[in-house]
Amino acid sequence: MQAVLRAGLRYLPLLFLALAWEAVTRLNLVDTAALPPLSKVAVAWIDLIRGGELIDNAKASLYRGSVGLLLAIFGGGGLGLLMARWRLLDIFVNPLVELFYPLPKSALIPVTVLWLGFGDASKILLIFLGCMIPVTIGAYNGARGSDHALVWSARSMGANRLRMMWDVILPSALPELLNGIRTALALAFILLVSSELIVSQQGFGYLIGYLGATGSYEGMYAVALTVAFLGFAADRIYQLFMQWLLAWRE
Amino acid sequence: MARVDDTASLAGAEARISRDAARRLDVVFRSGAGIFSIVVLLIAWEAFARSGKVTAFMLPPFSAVAQRIYADAVTGELWRNLGLTMFRALTGFVIASTCGITLGTIMARSRTVRWFFDPIISVGFPMPKIAFLPIIILWLGLYDVSKISVVIFEAIFPVVTATLAGLAGVERELIWSGRNMGASERELMWQVALPAALPQILTGLQVALPIALIVAIIAEMAMGGYGLGGAMMSASRFADSRGVFAGIVEIAIVGYALIKALAFIRGRLLVWHQESAEQH
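First to last, the sequence lines map onto chains A and B.
Anchor point for the first sequence: position 150 equals 150 in our numbering, and the numbering is continuous, going up by one each time.
For any residue, its number in our numbering is found by taking its place in the second sequence, counting from 1, and adding 250.
Hints in this document: simulated from the structure, not taken from any laboratory.
Hints are supplied without guarantee of correctness; some may be wrong.
Taking lysine to any residue pairs in the SDA-like style, the calculated list, with each CA pair at most 25 Å apart, reads [to be verified]:
#: 1; chain 1: B; residue 1: K510; chain 2: A; residue 2: V97
#: 2; chain 1: A; residue 1: K40; chain 2: B; residue 2: I385
#: 3; chain 1: A; residue 1: K40; chain 2: B; residue 2: G374
#: 4; chain 1: B; residue 1: K303; chain 2: A; residue 2: T183
#: 5; chain 1: B; residue 1: K303; chain 2: A; residue 2: W115
#: 6; chain 1: B; residue 1: K510; chain 2: A; residue 2: A121
#: 7; chain 1: A; residue 1: K59; chain 2: B; residue 2: K510
#: 8; chain 1: A; residue 1: K59; chain 2: B; residue 2: G374
#: 9; chain 1: B; residue 1: K303; chain 2: A; residue 2: I91
#: 10; chain 1: B; residue 1: K510; chain 2: A; residue 2: F100
#: 11; chain 1: B; residue 1: K510; chain 2: A; residue 2: L114
#: 12; chain 1: B; residue 1: K510; chain 2: A; residue 2: P95
#: 13; chain 1: B; residue 1: K303; chain 2: A; residue 2: E98
#: 14; chain 1: B; residue 1: K510; chain 2: A; residue 2: L89
#: 15; chain 1: A; residue 1: K40; chain 2: B; residue 2: G391
#: 16; chain 1: B; residue 1: K510; chain 2: A; residue 2: L116
#: 17; chain 1: B; residue 1: K510; chain 2: A; residue 2: I91
#: 18; chain 1: B; residue 1: K510; chain 2: A; residue 2: E176
#: 19; chain 1: A; residue 1: K40; chain 2: B; residue 2: K510
#: 20; chain 1: B; residue 1: K510; chain 2: A; residue 2: V24
#: 21; chain 1: B; residue 1: K510; chain 2: A; residue 2: N179
#: 22; chain 1: B; residue 1: K510; chain 2: A; residue 2: E98
#: 23; chain 1: B; residue 1: K510; chain 2: A; residue 2: D120
#: 24; chain 1: B; residue 1: K303; chain 2: A; residue 2: L114
#: 25; chain 1: A; residue 1: K40; chain 2: B; residue 2: I386
#: 26; chain 1: B; residue 1: K303; chain 2: A; residue 2: A121
#: 27; chain 1: B; residue 1: K510; chain 2: A; residue 2: L9
#: 28; chain 1: A; residue 1: K40; chain 2: B; residue 2: K303
#: 29; chain 1: B; residue 1: K510; chain 2: A; residue 2: W115
#: 30; chain 1: B; residue 1: K510; chain 2: A; residue 2: N141
#: 31; chain 1: B; residue 1: K303; chain 2: A; residue 2: L96
Computed list of chain A residues with no C-beta within reach of chain B, every gap over 12 Å [to be verified]:
#: 32; residue: N160
#: 33; residue: W244
#: 34; residue: W248
Glycine included, every Cβ here is placed at the ideal spot set by N, Cα and C.
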């Protein structure tokens, strides 16, 4: 009971904001065309769910986002681990990673469109390329920091390269690798929504842009808030997953 | 006893010198390898583009892209776009940094302000705020004000969280001894707490800067109005693939330069701090 009360008190400011939003629009303090009342936004949200638009576009976005992110996690994580273990690869690939790390990833949007058009494939490639580097750097730093004594003792006990990677390097690289993936998760949402806003015929970003262009601002607010909430929820769920996965370290 | 110490320190010094030499050699080797890999990448790009396996539309050769950049530099197009993008990204970044550090400091000092903003910051930080882009366009139009606002909106969160965490991590002993020596609250903040929190605040800024660049370019792509992002988008609309690749190369160089510059400033500001001693 007390925990519920404390959580309620903690998130009370958000409720205030919501009430303030409703109040200023009901009292006509702002132009309701630019800021529709929150209650109307909620009604629009229900309509969008009923009409199926929100669900259909959500499916398209989630498919693109999850495939792109999974490719980035496996590709980037694998590359980072290999770089940490294989000096030659490190020396020659690390400069390229450093070169592409500061590249503002949104610059890739027009290139992926040029290569793969307006559909799913270009978004998946964009998210893969954009999210790979943070995962690579996390895996690399984590694996480089793994305890030499552990590596040596595993080797002396006759572990082969593959076993070593799986049983020793990966677990000790895990905390930093997981942090890299968290950055990638946030980046994936930004890249997905913005690329859909700019060039797409499907997805959350497209729906927001479409509703805005046709003047149904309640719907536009509803979808934008949905995406924002999904991004927040994904991060919180991922954090719980991280804690669960790292519980053995305690 | 003293003799033993001497030999020990002598051996230590020798070991340090040879380790330093090895490290320097490693640095030279690594930077050589770095330039080598970048040159190999560019040659591979050129060769692959000319091999006929891809069309010049899919991948124009690097030499053609370089020529395009040069031509844009001569006509002044490049500098105008570059200036606009830098102006939008950096203005947004500076405003986000100032407001973020101020808000973080006030939150660290006032319980009420902290209670109010804490859930907003912790819920808002992981949200993809770029989804509100069309709403910001609706409110503020398509010009620089709205582009800069989007940048601020995305970039301010890491600054606030870093400032809060930095100030929370300042050792109490520092504050107590400052207070004992008669420092006023204002002096404590400016001369003790903020400098002690500076490394973390700078880390926050180093997270915010790439975000500012990413968002400035997205805003230019979505709203038009020149800038490097806008130029890339119009090149893409006109199927001008050289223009698109020229944009990527230009944006990559700008991003690299800005991020290195901020890392350099960090080193300068933290000369007094332990972390710069560890690097030398």
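We went through each hint and held it up to the structure:
| no. | hint | in the structure |
| --- | --- | --- |
| 1 | B:K510 to A:V97 | holds, 14 Å |
| 2 | A:K40 to B:I385 | holds, 16 Å |
| 3 | A:K40 to B:G374 | holds, 22 Å |
| 4 | B:K303 to A:T183 | violated, 36 Å |
| 5 | B:K303 to A:W115 | holds, 14 Å |
| 6 | B:K510 to A:A121 | violated, 33 Å |
| 7 | A:K59 to B:K510 | violated, 39 Å |
| 8 | A:K59 to B:G374 | holds, 24 Å |
| 9 | B:K303 to A:I91 | violated, 29 Å |
| 10 | B:K510 to A:F100 | holds, 13 Å |
| 11 | B:K510 to A:L114 | violated, 30 Å |
| 12 | B:K510 to A:P95 | holds, 14 Å |
| 13 | B:K303 to A:E98 | violated, 28 Å |
| 14 | B:K510 to A:L89 | holds, 24 Å |
| 15 | A:K40 to B:G391 | holds, 23 Å |
| 16 | B:K510 to A:L116 | violated, 32 Å |
| 17 | B:K510 to A:I91 | holds, 20 Å |
| 18 | B:K510 to A:E176 | holds, 23 Å |
| 19 | A:K40 to B:K510 | violated, 47 Å |
| 20 | B:K510 to A:V24 | violated, 45 Å |
| 21 | B:K510 to A:N179 | holds, 23 Å |
| 22 | B:K510 to A:E98 | holds, 11 Å |
| 23 | B:K510 to A:D120 | violated, 34 Å |
| 24 | B:K303 to A:L114 | holds, 16 Å |
| 25 | A:K40 to B:I386 | holds, 19 Å |
| 26 | B:K303 to A:A121 | holds, 20 Å |
| 27 | B:K510 to A:L9 | violated, 43 Å |
| 28 | A:K40 to B:K303 | violated, 55 Å |
| 29 | B:K510 to A:W115 | violated, 30 Å |
| 30 | B:K510 to A:N141 | holds, 19 Å |
| 31 | B:K303 to A:L96 | holds, 24 Å |
| 32 | N160 | holds, 28 Å |
| 33 | W244 | holds, 18 Å |
| 34 | W248 | holds, 26 Å |
Against the hints set out earlier in the document, violations occur for numbers 4, 6, 7, 9, 11, 13, 16, 19, 20, 23, 27, 28, 29.
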